[in-house]
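Engineer: These protein sequences, in sequence, are chains Y and C. Using this note's numbering, you'd call the opening residue of the first sequence number 1 and step up by one each time. Using this note's numbering, you'd call the opening residue of the second sequence number 1 and step up by one each time.
Careful, some of the hints might be misleading.
To be verified - Using C-beta positions, here's what the derived DEER-type ranges look like:
1) Y/S91 / C/P238: 56 to 66 Å
2) C/K106 / Y/R120: 39 to 49 Å
3) Y/E83 / C/P238: 45 to 55 Å
4) C/P135 / Y/D165: 52 to 62 Å
5) C/P135 / Y/G131: 45 to 55 Å
6) Y/L239 / C/A83: 46 to 56 Å
7) C/A22 / Y/E240: 41 to 51 Å
8) Y/K92 / C/E128: 27 to 37 Å
9) C/G39 / Y/P253: 52 to 62 Å
10) C/G62 / Y/D270: 47 to 57 Å
Unchecked claim - DSBU-like, lysine-lysine: derived pairs with alpha carbons at most 35 Å apart:
11) C/K43 / Y/K214
12) C/K182 / Y/K207
13) Y/K130 / Y/K289
14) C/K84 / Y/K214
Note that these hints are calculated values from the structure, not bench results. Think of the CB as a built atom: it goes at the ideal place given N, C-alpha and C, for glycine as much as any other residue.
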Amino acid sequence: MPRVVAVMGGKGGVGKTFIALNTARILGEEGRTLLIDADVDNPCATHFLRTELVWRESVESFVPVIDRSRCIECLNCVNQCPEKALFHVPSKGVNLIPDLCNGCGVCKIVCPVNAVAEGRKVEGWIEFYKGTALDLLVGKLEVGSRREAFVIEKLISRASRMWSDYSYVVIDSPPGTSAKLYPIARFSDSIALVTEPTPLGLSDLVKAMNLVEKVRGGSRVVIVVNKSGLNREVEQRILEIARSRGLRVFTIPYRDTVPRSVAGKRIYVDIFNDDISQTLRELARELCKP
Amino acid sequence: MGVDGDAEAPDLVLACGGERRALREERFAELRIATIDRGRCTKCLRCIDVCAFDAIARGSDGYPLVDEYLCEGCGACALVCPAKCVSLEPRLSGIVKLVETGLGLKIVSSEITAGSRATGHVVHKARELAKEMNPEMIVVDSAAGIGCAVISSIVGVDLLIVVVEPLPPSIAGARRMIELGKRMGLRMVAVVNKHDLNEEASRRVGDELGIEVVGYVPYDPTVIESYAHLQPVLHYDPNSRASKTLLEIFTTLVG
Ligand code: SF4
Ligand code: SF4
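Taking the hints into account, I'd like the entire structure generated from these sequences.
Structural biologist: Rendered as structure tokens:
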């Protein structure tokens, strides 16, 4: 079983992908590493890595297909659909609004005459890319789908079938604090919560901490304060919160080499060897400690 | 009136001076969760087979266990249970709040309960509450991405402003956003933020995205400073470069 490391954080734009890419690169020097880009709305790890697409699979869910020749228009399905995704037009029978359907299958269960057949709807994609030191598994939400939580769940369970190939797995999470983060937190041995020292960063960090504590008590949690120096007062408060919860803190100073590495589509530790690289290495070591 | 559509990490009230007073608050417990009465359960485990979300597993004692984070509350398990031992209990999914901020702005914020699946529902409720107040204009601050919170934030708007940075990941994200906006039949314009990070790429954004660019906001450290002071940059330093550009953009958009 590999060591599974998740990079999370409630707020967007705090540098999760930056931390995840560097952690994966550093761990890739130690053993075979899989980076999972779980930011399914807008995955962007491929921009930073030279990798080759090996396979692509769809993530599908159930949608009902109503067989009009069987349907007796009892409207059980319309009345019991929890998402109100079905409606009835007298001349046209029972119709589906696909964007509302969550694939629960209640309509199929309640139909007395077996008129609900099984259709499939694409909710997203999973892509596997091979690289020299680092492989990449990407989850991608189909445009128009509301079901990022479902796609992430399938992505992580697909990844878990490949785990025997790797020593380390690094998961780059999407921002947020909803149930979509649950499969990521549940599978992780250690979690880096990335934040920035602004009042907004602090407020979202506390939410992310609470979520992680709620769903995953046993994993090692560390805090990464990115863009350190922006606001000393808030940073102090973050440090106090971390101390009161017994969490180790890593600080990355606010310096233009970081956005420069991102803008140049490069990984920081590949192009710089300074105190920030040093901190990134220490962080990676801490995250993969047994 | 503002609406914070980022129900998973709501920041708009904070960014506009913090909460001075709450004018209205509504809690939602719309989503339900399957709860199994062990006294009546016969361990037939049909609920496990029928669940489309893999939310029920067999516990070590043979009874089915519901995973509250995966359960969508659809009730399929309750329908197939021969012992009728599954009930659907409501759970708190989020809070929608109309707030007057420290700067006197009125904002409807939305916030889900950590770990909830109700992001889209809660954002929808926030927009409904704002509409009820009947303001002249509603500005929705959407979450990033193209998922359920974003769809609920943008459905039916008169204008979608796509904010993009001149960097490949951001441009790729904007493309997906625009594809979504097209599907939803929305009128769209783009604003390039931090255009001076890459002038060359900034100039190409309009062509690449295929929508009109209505403004180029410079990279300005005043913006981050203004966050630290819990004020919109326009208020914090109206003479900053970013503020001036933003004013120009809003004047062209609103007339
Ligand atoms: S699968 Fe569920 S959500 Fe979709 S139409 Fe049937 S009952 Fe409604
Ligand atoms: S439950 Fe079956 S028979 Fe009744 S309206 Fe739906 S599809 Fe038709």
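Engineer: It remains to establish, for every hint, whether it holds in the given structure.
Structural biologist: Status of the hints after comparison with the structure:
For the pair Y/S91 and C/P238, the supplied restraint of 56 to 66 Å holds, since their beta-carbon distance comes to about 60 Å. Checked against the hint of 39 to 49 Å, the pair C/K106 and Y/R120 passes, with Cβ atoms roughly 45 Å apart. With their beta carbons about 46 Å apart, Y/E83 and C/P238 fall inside the hinted range of 45 to 55 Å. Distance hint check: the CB atoms of C/P135 and Y/D165 are about 56 Å apart, consistent with the given range 52 to 62 Å.
For the pair C/P135 and Y/G131, the supplied restraint of 45 to 55 Å holds, since their beta-carbon distance comes to about 51 Å. At roughly 54 Å, the beta carbons of Y/L239 and C/A83 sit within the given window of 46 to 56 Å. The supplied range of 41 to 51 Å is broken by C/A22 and Y/E240, whose beta-carbon atoms lie about 27 Å from each other. A beta carbon spacing of about 30 Å between Y/K92 and C/E128 agrees with the range 27 to 37 Å that was offered as a hint.
Checked against the hint of 52 to 62 Å, the pair C/G39 and Y/P253 passes, with Cβ atoms roughly 59 Å apart. At about 53 Å, the beta-carbon gap between C/G62 and Y/D270 stays in the expected band of 47 to 57 Å. This hinted pair checks out: C/K43 and Y/K214 have alpha carbons roughly 28 Å apart, not beyond 35 Å. Our distance criterion of 35 Å between C-alpha atoms is met by C/K182 and Y/K207, whose separation comes to about 33 Å.
The suggested pairing of Y/K130 with Y/K289 holds, with an alpha-carbon distance near 26 Å, which does not exceed 35 Å. Straight-line distance between C-alpha atoms of C/K84 and Y/K214 comes to about 30 Å, which keeps the hinted pair within the 35 Å bound.
The earlier numbered hint that this structure contradicts is number 7, and it is the only one.
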